[in-house]
Structures are given as C-alpha cells and as structure tokens.
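Participant: These are the residues of each chain, in order.
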Amino acid sequence: MTPAAPLEARQVRPVGPLVIAIEDVAKLYQMGEETIHALRGVSLNIHRNEYLAIMGPSGSGKSTLMNMLGCLDTPTSGRYEFNGQDVAGMADDELADIRNREIGFVFQTFNLLARSDALRNVELPLIYAGIAPHLRHERARQVLENVGLGNRIHHKPNELSGGQRQRVAIARALVNRPSIILADEPTGNLDSKTGIEILALFEDLYEQGNTLIVVTHEESVARNARRIIRLHDGLIASDGPVN
Amino acid sequence: MGRILYELTESIRIAMAQIRANKMRSTLTALGVVIGIVAVTLMGTAIRGIDIGFNNSLAMLGEDVLHVEKWPWITGEDWWKYVNRPVIKPEEATRLSRIIDATPNSELELAVYVHGRGGSVKAGNLSVSGVYIFGTTGEYGRVLTADFTDGRMFNDAENDSARQVCVLGYDVAQALFPGRSSIGNTVMVQGQPFTVIGSLTKQGSFLGLFSFDSQMIMPLSAFRKYFGVRSGNPEIQVKVRDKTRMAQASDELTGDMRRVRGQLPGEPDNFTINTSDAFKEKLDPIKRGIALAGLFVTGLSLFVGAIGIMNITFVSVRERTKEIGTRKALGARRRTILLQFLIEAVSICVVGGTIGLALTYGLCMAVKAAMPAFPLQFSVSLIVVSMVVSVATGVLSGFIPAMGASRLDPVVALRYE
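Those protein sequences? They're chains A and B, same order as listed.
All residue numbers in the first sequence are consecutive under numbering that gives the first Met the number 0, ending with 242.
All residue numbers in the second sequence are consecutive under numbering that gives the first Met the number 0, ending with 416.
Just so you know, not all the hints are guaranteed correct.
[To be verified] Result set (DSS-like, lysine-lysine): computed pairs, CA atoms no more than 30 angstroms apart in a straight line:
no., chain 1, residue 1, chain 2, residue 2
1, B, Lys201, B, Lys367
2, B, Lys279, B, Lys88
3, B, Lys279, B, Lys201
4, B, Lys281, B, Lys201
5, B, Lys286, B, Lys80
6, B, Lys201, B, Lys286
7, A, Lys155, B, Lys22
8, B, Lys321, A, Lys155
9, A, Lys192, B, Lys321
Don't read these hints as lab results, they were simulated from the structure.
Construct the entire structure; sequences and hints are all you get.
Facilitator: Written out as structure tokens, the structure reads:
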C-alpha cells in the first residue's frame, strides 16, 4: 500500500477564495420501479488550493458526488455554484465549457486516445478551447516537460508505461489551467511504486498552488490529502483535516 | 470562430486516422457507395446521352419545318378519327405555295410536296432494302437538313420531265458503292434504272428507329409513275422563316390549308400539322419517365450503400463510446461530437464517390471506344452532382448515429467498457 508522506514534512497551505459551493444537493436515480437516493442532501465548500480526498465504500454516493463536482452531471435538487456560477441549471454545452475551462480530469484508466501521441492527447482540451495550433503545441509541450515527459512527447500511449500514461493524463488535466483537478482513483491501475510517484507529483502540483480533489477508496491515498470527506449512504459522515 | 475551425480540422484528422485504422471495414463500406455512385452516374450519363441523341434526332427532322399530313405522328386509340380524311395531293402543295407567296409578311417560306415509302435499291449485285424512297420537287433542296457530299439536287426541269435521276443517303451510297463515288452510276428501283446525281452527308438515325442515311430522293413525277399515287405516305413540308415563331407559323398554315381544302368554319381540320416540337412534347414525359424510373432503381443501390454507412457509423459510435465520454469530459460540445462522426461518414462517402466517378468515367470511355453510337455522355455537371450526392448520402446516413453520439450522457459514456 502507498504510505503517506511523514506528517511533519507536509505543509498545509493557506486556502484561497471559494471555488465550489454545494448546498443540500440531492440526486435521485430511477432504476425500474425503485428510486435510488444516491445523494440525500450534501453540503460542501471547496476553496482554491485545497487538497481534498473523497472517500466512501461503493454505493455511498462517492461517484455521484464526483460526477457532480466534475460538472458531468447536475443535481436533482439543491444548489451548486462553481466560481459563483449556478451549475445546477446549466445546459449540456454550458457544462461542457465549464469542464473545458475549469476542470482537469484524471481517470483511473487514463482514458488517453490510443492512436494519438502524448502531445496530441494533451492538446485536446486546448482544441476544444479554440486555441490556435502553434500556441497549443507550445503549451502542451511545456506541460509535458513539467510532468517529466519532455522526451516522450511523440510516443503513443502503447509505447508508454502505466505511470507515464498517467502523467500524460495529468498533463492533459493541467494544460488548460483549470480551477480544480479531479482525480478518480488515480493510482488504482498502477503498481505501488508508480502510485507513490504519481502521489508525489500531486504533492508538487498542490505546492505549486493547484486545487486537487482525489476520489479514492484507499485510506493510504486519501491520507496524502489535507482534508478528507467520508460519505456514507449518500450523506457526509465526516469532513475534516488529516491528522 | 477559431474554435469551430480547429474542431473541423480535428474532426477531419480523426476521420482519416479512423479510416486508416480500419482499412478493411472502411473499404467494404465505401464499396457500397462506389457501386451506388457508379449505378447512379451511369444512369445519369445514359439519360444525358438519350437526351442529346433525342435533340440531335429532332434537329434532323428540321426544327423549322411543319409537316401537313393526314395522320398525326403520334396516334393513340383515336385512329378512326383520321382514317377517312382525304389524302394530301400535290396540287394542294402548289396552291399552298401560291397563298404563301401572296401573303404579306408571311411566317412561311415555301411548301414542298413529299411522297415516300419503303423499298429496296440495287446496283449490280449489291442490294439495300428498307430504304425510305421518296419523290419530291426540286425545291426540296431548300428544306433538306443534310448537306451534299457530292453532286446536287435535281432541278424542276428534271422533275417536270420525270427524269430518272436520284439523290442517295449516306448509308445507301456506301452500301452500293463502297469506297467510291456514286455519282454517275445507275441504281435500280422497282426494276427501273436511276442515275445518281447527288449523295448526302451522314446524319445518323432518329431515336435509333429511322435512319436519315437510309433514304433515296427522286423526282416526284418518277415516283408517282413507278410507285403509284395511292401507296405510301404523302405530305407537304412547309419551311418556316423564323424557327422561334413556330406556333404562329402553324396557325397561319392551318388557315391556309383550310382555305386550300375549302373547309367551312366550325368544321374540324381534315389534316394534321406535325412539328418536331409536338413530337418533343409527346416524348418528353416518356423520357422523364425513363429517367425517373432509372434513377429510382439505381438510387436504390445508393440507398443500400447509405445503409452500410449508417451501420458502420453506429458501430464506430458504439466502439468509441468511452472515447466520446472522455472527449465530453475534456470539454467537447455536442456539435463537436456530431461533427466528428458526421465527417467520418461523409469522408467514406466522398472517397467512395470519387472512386465510383472514376470507374464511371473509365466505363464511359470504354463503351464509347467499343460502341460509338451508344448514348453515354460524361459531363462536368455529373461530377458536381455525384459529389453533392456523395456528401448528402454521408450526411443523411451518418446523422442519426452521430446525433446519438452527441447526446450521450458523459457519465454513462465514461463508464462504458
């Protein structure tokens, strides 16, 4: 299992302005006859430059909350504001623009485009942002260098190791300078040594001023964060700093 | 503005990569479109060919000539209305000419009597049958649409004295006197010798039914002497001064002819004025019918091709559901995803359409080389039309699956394995 860094070595940075404000959010799914309450009234504030872990067993509403935070889904009821904008009532394409500008996704299975090289994968969010080709090449190359893949920019995903693939995915999440980085089990498909490397990279990103939200069921991964939210049966069971 | 451009180039890049990555599948799918486009464009060339052949045929009839006849060219069930009409007589042509000459500002130029029937022509031991042999006066030279390769038309003096001279159509001359001039030679018709004094240039056939090159012209007096006055189909051909005023000319001629025949007001015409235009009016719906039926049948093959495209786009969307989810998570809007799959479908169609067009062109050239008479006509407009059809096929067949892809819920798409 991936051990957390020694507590005394970790700094807790002062938090910035409010990014996400969730108030009494509920989400219902209709599964045939049955109505499933995935979230039953969750309230949550996330500030800039927080490092947050969301934990919970399967069926706790963890994935639903993550999809909501990532603007992939909208709540059935309650209020969700992202940087002061009301997300709950947004249309599909508005949500797509929010995801493009404000959120960087890191997936458990990396979700890279198999036939495109690292550079093109990282450029993708910039294409959707309407950035001109020469600018986006330059920015994508820069970010890949920052995550330690400066010499791998023209490799296809199948020519990269698992850790390198996740670094490409992280570079892709960073490239549009989003307000939050949302990682879903980022070490789930990696061996423990590589997992530690990725968590170290997250630590660096946090120290550079990024806002990180990591969804995980692994205690050791969650303990790298500065704040842990535990969900249980669609409700927040606990929310507090790591100690 | 920039964004849609980058999305477009990205979509084209993806489409090309996708086609390259699935060569076999793309080729087979494109094959359906290739076959469809070849079928439709070949039909198009055939329709155009028929059209051009048809117009050429009409021009041979003489666009500026009115034909006064007992029978309309196209009759239906109503033949009994015409059967008891009087036969057209040479004197009527003479009187018609006189009236035309006496009319100030007449739309008509001259009237010529023409009386013909089928028969055979011999020279030495060679013989041609099915020749349209007709007698007329020297003035027919002014109505004739063909030029003389050699010799001349007979004159009125030769006509009046029933001289046994004749003018041969191209095919008749070629068949009886292969490789040499026919002028001055003797041909036998109805057991009578005729001296050839002229031969005509090649004109082609009318709708492939009636060859203008298989004809023989002789003085009317000689014709009536050897074929009799009752056989065959006599008519008066009237040349019009201005071929854009055919309707007025026809009206004038009707009045003149009624005067010649002494018809009373209210009495229906006991003759018909045939024009190549009337022919056209009658045949146009048939032509359109052929074109529509042909395009419908060949269109079906294109439709099958389109179904192939639709199917492959569905498969492509299904296979890449997770990719769609990822792209949406990264900020792809609905239209971005729609465009991506639409362009993929259109690309396959355009590739198929281009190959199909090239094949059609090759086939047209081959057919033209093998059978010059076969009516096929390749044209620039055909290229434009088939490209438009290709793109439209891609858009129409790709739209439903692409729309489905664009409406996918990103949460569901991301979870898809």
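Participant: If you test the structure against every hint from before, which numbers come out violated?
Facilitator: none
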